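K.L.:
Spelled out from the first residue to the last, the chains are:
There are 2 protein chains.
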Amino acid sequence: MTKIIDPYGSELVSDYGKIVKDFGLEIFNKNIFPNPNAIMRRGVVFAGRDMQIIAKCIKEKKPFYALTGIMPTNQEIHLGTKLVVENLKFFQQLGAKTYILVADLEAQAARGVSLEEGRKRALNFHIPAYIALGLDPKKTIFYFQSENKEVMHFAYEAAKKITLNEFKAIYGSADPGRIMSAVTQVGDILYPQFKERMPGIIPVGIDQDPHIRLTRDVVSRMKSKKFFSPGSIYHKYTPSLDGSIKMSKSKPESCITIPEDEKSVKKKIMRALSGGRTTLEEHRRLGAEVEKCMVFELLKQHLVEDDKELDKIYEEYKSGRMSAGEIKQLASEKMMVFMKDFNKKLEKAKKQVDKLNFVEF
Amino acid sequence: MTKIIDPYGSELVSDYGKIVKDFGLEIFNKNIFPNPNAIMRRGVVFAGRDMQIIAKCIKEKKPFYALTGIMPTNQEIHLGTKLVVENLKFFQQLGAKTYILVADLEAQAARGVSLEEGRKRALNFHIPAYIALGLDPKKTIFYFQSENKEVMHFAYEAAKKITLNEFKAIYGSADPGRIMSAVTQVGDILYPQFKERMPGIIPVGIDQDPHIRLTRDVVSRMKSKKFFSPGSIYHKYTPSLDGSIKMSKSKPESCITIPEDEKSVKKKIMRALSGGRTTLEEHRRLGAEVEKCMVFELLKQHLVEDDKELDKIYEEYKSGRMSAGEIKQLASEKMMVFMKDFNKKLEKAKKQVDKLNFVEF
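In order, the protein sequences belong to chains L and Y.
For this note's numbering, count along the first sequence from 1 and bump the result up by 15.
For this note's numbering, count along the second sequence from 1 and bump the result up by 15.
Which copy? The list can't say, so a pair holds if one copy fits it or any two copies do.
Heads up, simulated BS3-like pairs for lysine-lysine below, C-alpha to C-alpha not over 27 Å straight-line:
(1) 240 with 135
(2) 135 with 164
(3) 33 with 307
(4) 176 with 135
(5) 266 with 175
(6) 323 with 281
(7) 164 with 240
(8) 164 with 176
(9) 175 with 164
(10) 370 with 164
(11) 175 with 135
(12) 164 with 210
(13) 281 with 264
(14) 176 with 264
(15) 264 with 175
Rather than coming from a laboratory, the hints here were simulated on the basis of the structure.
Please read these numbers as outputs of a predicted model, since none were measured by experiment.
For reference, chain L alone in the conformation it holds in the complex (with noise of 0.2 Å):
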């Protein structure tokens, strides 16, 4: 089997492993990138295709993008959705063009929030909320599918390169729905390349793969246009906090949302599972389980910046030094601190939506 980097250990990492051999992907070396993020630096990230194209672009200073979408729906973010934006805001400060797109065609079309409500929650909560996370507001280039002719008429060359077979093994399926969504997607992808061919990198988790290789496909078809196909760079899910490998708002009670107000996320995580064992006297012996800890993975994929400082609570915990409830304790406190910061900077990056760089068709 395929063998994932990951410092920590997670028992996750064996499905990752057949992920990686079924989809053809490859592995993510962590030096590839110079200066990686934390969840580069800790097996967080552990795939991509093409990233080889992005490393000379980086080092050559030659024109990339970076791009992702976001999807109007509630107004809040799923905790999962800030690793996307670490890597996008990674790649954006090693020089990517910086493309965020606002689907609100497919929030229309999946959720029922019609273009003027998608419109109005993106632009009061959804971007604000990236830029909050740290992407560069004046970096970036924003649009509404919407309002994207160029997406939708090249969405209709995609679905013509493509067979409904060719799809069905792609996605499992092809509902009409699905098919429309998905080749608005490729033209989403594909986007940043139609005034100017550059080499370009998606930042997503892995169920995002389908829409890569679809475009992959595509571009592979359309030889003449010489698209540079995508590349892209996959994380692994933020589990659940129950320990199930995606944390889902199919399970709340298990699942922190950005913003999320104190004493509910404090609630989460004290009821999380964690690596603590069934006795104080046997935690102090044994150590903690830290490989089954859903509180630990918090503290590694979204609370802790500093190796230094995430190594130091990995050993105290795994020498049994700290017990379960402590390191619930911490990072609740942590949960706060990040929560606090991220409604200031919310608030902020509000103010900050009418200079936006929005491209105007």
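Once you've looked at the hints, dock chain Y against the given chain L.
P.N.:
Same frame as chain L, but now just chain Y:
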């Protein structure tokens, strides 16, 4: 078997009867609308959907619409397309709000005609050609599919309302490109109702019925939007000059295009399958087999407006007094007159293009 009213008979009747039954169409009653046009009076128009609702609108002077699309590919139109224009014109004269959309997106995706080129062809040929065929440009609203964001947005919603299996049941197959085109056409068909709900009628060849059915299915699943299901009216194909069911560009020697030069048309008509007997003597004695004669079909569908004149030709030919050579000569002459008239009107219409009512988006 369902009986189709066709006063001049046709070997193709039985097939159309089957279509009516299989698709659940209403048989066209030539007295349903006031002052039926020639193809309605002669059984070329043979079926429809929700025609009673349109008849009521006409009678009560309530708003309704008629709509067709132009695919701006070649710089010529198929003779069969004239039948669509006849019916569109008919409803326009009875007060229908009349829409013509230029399916430039479809032309790009299906035939590789760029949007710019499609636009040029539509303005320089297709739209003027429709005007030359009798459409009133002052009473017609035009738009380009590629510019109509509302239609594209609606296509997205429509796609979510249908399953892949339903799509396959309607269209026989379901490639992604076909799905995109079809759901966009659903948007086009309903577009006149976006601002004002009203009944509409779509004149089409029977091969276009899947779009009508799909649109009606989508409407029935968006009850809260209160769209009227589109009505439709179907004409038979203009048969190929060699006697097969549909005139097609794949057999150019049996297909007449508008415009086409005198020499070429004459040659094709002279070689067409006629109702003439093996010898002139036999022809005089037995009379022509009119129901097998593609030349008479041309006169009936396209070249003779006056019923009495057509009746007379029918009598002369059927009785054997008019020979196959003579009916071919007659059809050739009438076709020459038609083409000359068309070309004259086309040149005139080209000059009106900058005054058309294009929807501004």
